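Asks: Now for the letters of each chain:
Protein chains: 2
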Amino acid sequence: MLIFRYKMRKCVVYGGCGGLGREIVNYLKIKGVWTLSVDIGSNDAADANVLVSLTDGWTAQEKNVLSAIGVVLKGEKLDGVINVAGGWAGGNTVDPDWVKNADLMWKQSVWSSSIAASIAAHHLKTEGLLVLPGARPATGGTPGMMGYGMAKAAIHQLVKSLGSECSGLPSGACALGILPVTLDTPMNRKFMPDADTSTWTPLTEVARILNNWLENRERPSSGSLVAMLTEKGNTFLLLEN
Amino acid sequence: MLIFRYKMRKCVVYGGCGGLGREIVNYLKIKGVWTLSVDIGSNDAADANVLVSLTDGWTAQEKNVLSAIGVVLKGEKLDGVINVAGGWAGGNTVDPDWVKNADLMWKQSVWSSSIAASIAAHHLKTEGLLVLPGARPATGGTPGMMGYGMAKAAIHQLVKSLGSECSGLPSGACALGILPVTLDTPMNRKFMPDADTSTWTPLTEVARILNNWLENRERPSSGSLVAMLTEKGNTFLLLEN
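Sequences listed follow chains E and Y, in order.
Under our numbering, read the first sequence as residues 1 to 241, first letter to last.
Under our numbering, read the second sequence as residues 242 to 482, first letter to last.
Since the hints were derived computationally from the structure, they do not count as laboratory data.
No experiment lies behind these values; they were computed from the predicted model shown.
All C-beta atoms in this analysis are idealised placements derived from N, C-alpha and C, irrespective of residue type, glycine included.
Fair warning: there could be bad hints in the mix.
[To be verified] Here are a few chain Y residues that face chain E, going by a calculated C-beta distance under 8 angstroms:
id	residue
1	S283
2	T334
3	D344
4	A379
5	G381
6	P384
7	G390
8	K401
9	G404
[Said to hold, decoys possible] Computed cross-link-like contacts, DMTMM-like style, restricted to lysine to aspartate or glutamate with a CA-CA straight-line distance of at most 20 angstroms:
id	chain 1	residue 1	chain 2	residue 2
10	Y	K348	E	D56
11	E	K107	Y	E368
12	E	K125	Y	D336
13	E	K63	Y	D297
14	Y	K366	E	D95
15	E	K107	Y	D297
16	E	K63	Y	D338
17	Y	K304	E	D56
Put together the whole structure using the sequences plus the hints.
Replies: And the structure:
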């Protein structure tokens with residue numbers, strides 16, 4: 001008798017309670033992936049949850065998240081770590097809140113990305129996937145959203161470091177940055193009611209692409225920054241570096 | 242009778258107590274520039290000092306530094322704001338201290354750079370100069386110094402934002418990033434005793450170039466990232482973007 005021992009893929013979705021995060025958790029679940037959401041709240045659709053405390057500093061968040069994930073995984077390895085945490089805030093140098101906003105952007109996007117990188121370094125399988133959230137506009141100047149641009153540029157550079165030799169990631173691991181322009185989220189529809197949404201990237205497209213990479217299909221080389229462009233409702237990928 | 246009313250140039254040197262900062266203050270002083278050092282300690286060679294408190298957060302540092310500079314300047318405008326604050330720390334994703342080091346790099350380099358940008362937005366003259374401290378290695382991946390690379394990449398992107406329309410800087414202002422490889426500092430000589438120092442950039446060369454720009458000579462266009470390369474003791478500049 002032939003026995004198939006099917007082993008479920010395992011994936012951390014950092015920011016698993018956000019608009020994109022929930023979509024990814026739902027999509028991966030349909031594909032039979034075991035998902036662990038890391039966020040400030042719980043996503044009941046995920047198989048496990050690790051909560052981040054906003055009162056913790058950067059190093060404490062890293063320590064506590066790594067420790068909690070270790071307890072959940074019990075030595076099992078992950079196929080993927082996908083970070084989609086982060087938000088948006090604007091401001092140029094004369095906006096009285098620009099530094100406050102830059103601080104928020106850094107904490108949401110860069111703290112989460114560096115902790116996701118640590119999770120990958122400690123718990124990812126050989127040839128596992130690590131995805132971090134970049135933004136296409138930050139490949140140039142972003143005078144109307146200076147803090148956002150700095151945070152995203154830091155993530156882009158972190159992806160390049162993670163794709164280099166001796167990054168600490170397991171052998172054959174693939175670190176990618178996704179660089180959307182505008183995602184088709186309920187929040188964006190609410191705040192930009194008159195925009196041309198045919199250029200917005202649907203969340204299910206992002207989830208589909210991420211699942212492809214998770215299944216080791218159509219992966220760009222590690223360290224790549226992958227722009228996600230949508231025209232007339234069709235999404236295509238473009239390597240930035 | 243012809244009366245020359247000579248007005249001293251005025252320049253803020255952020256990080257005016259560091260190795261490079263002291264060199265710049267001394268150089269500008271010889272050139273007759275009035276200098277204001279911003280740092281955690283005083284530089285007695287400067288004409289004025291504003292102290293930064295390390296117990297303050299990012300927004301409090303910005304508020305307190307802006308306020309103190311306003312008191313010193315009494316409505317006078319600056320010809321330049323030069324930030325050379327920052328340090329170095331290494332680590333890849335498996336280094337237990339990498340996030341702690343990334344946090345330090347962010348605070349030293351990016352907090353100071355964003356506050357320098359705010360100073361420029363509020364106190365710089367038309368066609369004034371703003372210089373921020375980048376690093377050439379961070380134009381690619383830096384797996385052995387991940388936090389340092391992220392911080393410097395954020396500064397590079399901030400320079401691009403500051404060089405764009407509607408950054409908040411005064412009309413005609415010139416924002417530049419300097420991207421050295423290795424500076425010839427006493428610390429680097431101490432920690433890399435066997436290195437080839439003929440490729441290290443002398444601090445006086447950096448000060449000379451900065452003073453040129455301050456005097457509105459040989460300025461690259463605003464938003465430029467200017468690599469400082471030294472070969473056989475000769476330093477030359479290369480535009481990165």
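Asks: If any of the earlier hints don't hold here, list their numbers in rising order.
Replies: Hints 1, 11, 13 and 17 contradicted; others consistent.
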